[in-house]
Amino acid sequence: GQSLEQPSEVTAVEGAIVQINCTYQTSGFYGLSWYQQHDGGAPTFLSYNALDGLEETGRFSSFLSRSDSYGYLLLQELQMKDSASYFCAVSPNMGRRALTFGSGTRLQVQP
Amino acid sequence: DVKVTQSSRYLVKRTGEKVFLECVQDMDHENMFWYRQDPGLGLRLIYFSYDVKMKEKGDIPEGYSVSREKKERFSLILESASTNQTSMYLCASSSRTSGRALGELFFGEGSRLTVL
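Here the protein sequences come in this chain order: A and B.
This note's numbering puts the first residue of the first sequence at 330, with every later residue one more than the last.
This note's numbering puts the first residue of the second sequence at 2, with every later residue one more than the last.
Hint data in this document are derived by calculation from the structure and do not stem from the laboratory.
Certain hints may be false.
To be verified - Partner residues aside, some chain B positions facing chain A, computed with beta carbon under 10 Å:
id: 1; residue: VAL5
id: 2; residue: GLU31
id: 3; residue: PHE34
id: 4; residue: LEU42
id: 5; residue: GLY43
id: 6; residue: LEU44
id: 7; residue: TYR51
id: 8; residue: ALA93
id: 9; residue: GLU105
id: 10; residue: PHE108
id: 11; residue: GLY109
id: 12; residue: GLU110
id: 13; residue: GLY111
As the list claims (entries may be wrong) - Just so you have them, the derived chain B footprint on chain A, three or more residues with Cβ under 8 Å:
id: 14; stretch: 353-361
id: 15; stretch: 367-373
id: 16; stretch: 409-420
id: 17; stretch: 430-436
Values in this document were obtained by computation on a predicted structure and should not be read as measured data.
Every residue, glycine too, gets a C-beta built ideally from N, C-alpha and C.
All chains, full assembly: derive it from the sequences and hints.
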C-alpha cells in the first residue's frame, strides 16, 4: 500500500518562507505532486517532481529526494492569499494512473 | 479555459436512496477519477477510469459504483446511500501522456453530499 506523512498545520507570517515536508512509503514510486486547496474550493495543481532535485515556479519550489522517500514544498514571500491546505500526492507507477494523497497541511499566514 | 464540471454542488438525500453524481470534462482526457474528501483524511480514491467503459477500484470502492459510457463523462453511483457516505466528492481528470501529466489532475468544484 501507500502512506504519506505531512504536518497537519503550519503557521507563518507574511513575507516569510515556509517549508512543508512530505515523507512517503509506497510499493512503487513514479513522482511526487503538490496541490493547493482554498476553503470551499477545488484542489489545484502546483508542481510535480519525478527526478531528484529542486523545481522552481515563481514563489513556489518543490524538492524531491527519491533515496530518502522525501519531498517538500517551499513557499517564499508568503502572502495572505497563500493561506490554504496543501497536499502532497504520489504517482505509484506508470500503470496506476491515480494519485494517492496525503492528509494535507493547513497553512495559516498571519499579518 | 479547461474545465471539470460536477452536476451538483450540494445534495441532501435520505438513507437508502440511490444517488447519482455526474462529472463532465472538456479536455478530451483519457483518465477520470472520483475521490472522497473528509477532514483529516485527505483525498481518498473511490474509482478511476482510464478509458470508455473501463474502470478500476480505488482504495474505498465499497458502497459505490461508476459508469463511463462516454469519454467526457464519469458518473459515481451510490446504490443505497448511508449516513457514513456523507462527504465531499471530487471528480478529476488527467491526460494519459507521460511527464508532468502523470502528476497533474484537474479537479471539479466538488459535490457536498449529506445523507440523513
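The hints, checked one at a time:
A distance limit of 10 Å between C-beta atoms decides the matter here; for VAL5(B) the minimum to chain A is near 8 Å, and the interface restraint holds. Using the Cβ-Cβ criterion of 10 Å, the hint placing GLU31(B) at the interface with chain A is satisfied: the shortest such distance is roughly 8 Å. This hint holds: PHE34(B) has a C-beta 6 Å from the nearest C-beta of chain A, less than the 10 Å allowed. Here the hint on LEU42(B) is kept, as its CB sits about 6 Å from the closest CB of chain A, short of 10 Å.
The closest approach between the C-beta of GLY43(B) and any C-beta of chain A is roughly 4 Å, which is under the 10 Å cut-off, so the hint is satisfied. Hint on LEU44(B) holds. Least Cβ distance to chain A is approximately 4 Å, under the 10 Å limit. Restraint check, TYR51(B) versus chain A: the minimum CB separation of about 6 Å is within 10 Å; hint holds. At about 8 Å, the closest approach between the beta carbon of ALA93(B) and any beta carbon in chain A falls short of 10 Å, and the interface hint on this residue holds.
Taking 10 Å as the C-beta contact cut-off toward chain A, the hint placing GLU105(B) at the interface holds, the least distance being around 5 Å. The beta carbon of PHE108(B) comes within 4 Å of a beta carbon in chain A, closer than 10 Å, and the hint placing it at the interface holds. Interface restraint check: GLY109(B) against chain A, minimum CB-CB distance 6 Å, threshold 10 Å, status holds. At a threshold of 10 Å, the smallest CB-CB gap from GLU110(B) to chain A is about 5 Å, leaving the interface hint in force.
The interface hint given for GLY111(B) holds, since its Cβ lies 6 Å from the closest Cβ of chain A, which is under the 10 Å cut-off. Requiring three or more residues with a Cβ within less than 8 Å of a Cβ of chain B, the coverage given for the stretch 353-361 of chain A holds, as 3 such residues are present. Chain B is given as covering the stretch 367-373 of chain A, and this holds because 4 residues of the stretch bring a CB closer than 8 Å to a CB of that chain, at least three being needed. Under the rule that three or more residues need a Cβ within less than 8 Å of chain B, the assignment of the stretch 409-420 of chain A holds, with 3 such residues.
Remark: the stretch 430-436 of chain A is confirmed as covered by chain B, as 4 of its residues place a Cβ nearer than 8 Å to a Cβ of that chain, reaching the required three.
The structure is consistent with each of the numbered hints, conforming to all of them.
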